[in-house]
Amino acid sequence: MGIRLVQQDILRQLSFDIFAATGIPEDDARIVSDHLVNSLLAGHDSHGVWFVPGYARAMKKAYVTWDERQVVRENASLVIIDGKGANGIVAVTRALDLAVEKARNSTFGFVGLRNVSHIGRLGDYPPRIARDGMIGMVWLNGGGLFMAPHGSADRRLRPEPIAFAAPRREGPPFMLDMTMTVVAGGKIEQKIVRGEPLPEGWVIDQEGNYVTDGEGYRDQSTGVLPLGGLQFGHKGHGLAMMVEMLVGPLSHAGCTKGNRGGNGIMVLAIDIESFTDLDTYVEEVEGLASWVCSARPLPGVNKVYAPGEIEEETRQRRLVEGIEIPEATWQQIGEVASELGVALPAVESPY
Numbered sequence: 473m474g475i476r477l478v479q480q481d482i483l484r485q486l487s488f489d490i491f492a493a494t495g496i497p498e499d500d501a502r503i504v505s506d507h508l509v510n511s512l513l514a515g516h517d518s519h520g521v522w523f524v525p526g527y528a529r530a531m532k533k534a535y536v537t538w539d540e541r542q543v544v545r546e547n548a549s550l551v552i553i554d555g556k557g558a559n560g561i562v563a564v565t566r567a568l569d570l571a572v573e574k575a576r577n578s579t580f581g582f583v584g585l586r587n588v589s590h591i592g593r594l595g596d597y598p599p600r601i602a603r604d605g606m607i608g609m610v611w612l613n614g615g616g617l618f619m620a621p622h623g624s625a626d627r628r629l630r631p632e633p634i635a636f637a638a639p640r641r642e643g644p645p646f647m648l649d650m651t652m653t654v655v656a657g658g659k660i661e662q663k664i665v666r667g668e669p670l671p672e673g674w675v676i677d678q679e680g681n682y683v684t685d686g687e688g689y690r691d692q693s694t695g696v697l698p699l700g701g702l703q704f705g706h707k708g709h710g711l712a713m714m715v716e717m718l719v720g721p722l723s724h725a726g727c728t729k730g731n732r733g734g735n736g737i738m739v740l741a742i743d744i745e746s747f748t749d750l751d752t753y754v755e756e757v758e759g760l761a762s763w764v765c766s767a768r769p770l771p772g773v774n775k776v777y778a779p780g781e782i783e784e785e786t787r788q789r790r791l792v793e794g795i796e797i798p799e800a801t802w803q804q805i806g807e808v809a810s811e812l813g814v815a816l817p818a819v820e821s822p823y
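Per this note's numbering, the very first residue in the sequence shown carries number 473; after that it's consecutive.
None of these hints come from the bench; they were simulated from the model. The reader is advised that the hints may include incorrect statements.
[As the list claims (entries may be wrong)] Derived pair list, reagent style DSS-like, types lysine-lysine, alpha-carbon separation capped at 27 Å:
| id | residue 1 | residue 2 |
| --- | --- | --- |
| 1 | Lys707 | Lys659 |
| 2 | Lys775 | Lys659 |
| 3 | Lys556 | Lys729 |
| 4 | Lys729 | Lys659 |
| 5 | Lys729 | Lys707 |
| 6 | Lys707 | Lys663 |
| 7 | Lys533 | Lys556 |
| 8 | Lys532 | Lys556 |
Please model the entire structure based on the sequences and the hints provided.
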């Protein structure tokens, strides 16, 4: 399958132009385009510009702004918001500011969101809180039925991702972004787009056998394994239910039950200086990172990383080398660009 090598600034401008051409506010178009390209730079192609066609067509069909949101409940430390169908990436980006503001006044700032569209990559959000000198966390019980509970292949839970970030002395914050399954759905879709088989250990059928054919994944009788896989999947299964119990009822989105409930988001900001000096905190976590990452690498391993460091290395490399976009994805972006009257830039031929 062909690949296009595209520079990040070209992707950023093209995505912005396509979203803006749907008629949404330019600030919103910029937030969404930046989110997708930043995900690519971090190496998370599963949450990159392959979303542009679907996002753009949905925006063109109907678009709800953040200003149309409804506050369901609020006090000094929390606010619960009904987004009324607002764009999820824009909504969570705005919610970060609310969480930080409340944390400055009350130590903890919680924002619960429901009734918004796809929110993209969770790992993009907590570092924004950490850059304000706080600890940031985001949980989601959104996405379709995906995970099979331990001991079954039936899909009963969503990916149930969480993301965490903490400030450090220099450079990007520490950042952890993970689903409670062995793999995120977007990574499975990227395997399918690239015509590659699924690795064993990702998906199982009703007999407990591994599924390596992408079309087998689309069969709803198969399920994605929880963290820990076939043997220790009770861990991911339990963590997934924890996320559901935290996010579903508290955001008013509800817990997953069949096709009901879900797509709730919880954002948390913790004001470090309510507990200790920020410098003291940073010194402690930097010491932790130095200690852990000084461990001797196994043969074939270059180094031990702290959470978020691999993404930063990837970002620096892709800023220079460009980003590989599958030809099929580039063609799909070209189709929606044509529909909206946006010119597709000339880039290197596929290889």
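Here is how each hint holds up against the structure:
no.	hint	in the structure
1	Lys707 x Lys659	holds, 21 Å
2	Lys775 x Lys659	holds, 24 Å
3	Lys556 x Lys729	holds, 21 Å
4	Lys729 x Lys659	holds, 25 Å
5	Lys729 x Lys707	holds, 21 Å
6	Lys707 x Lys663	holds, 26 Å
7	Lys533 x Lys556	holds, 15 Å
8	Lys532 x Lys556	holds, 17 Å
In this structure, every one of the numbered hints holds.
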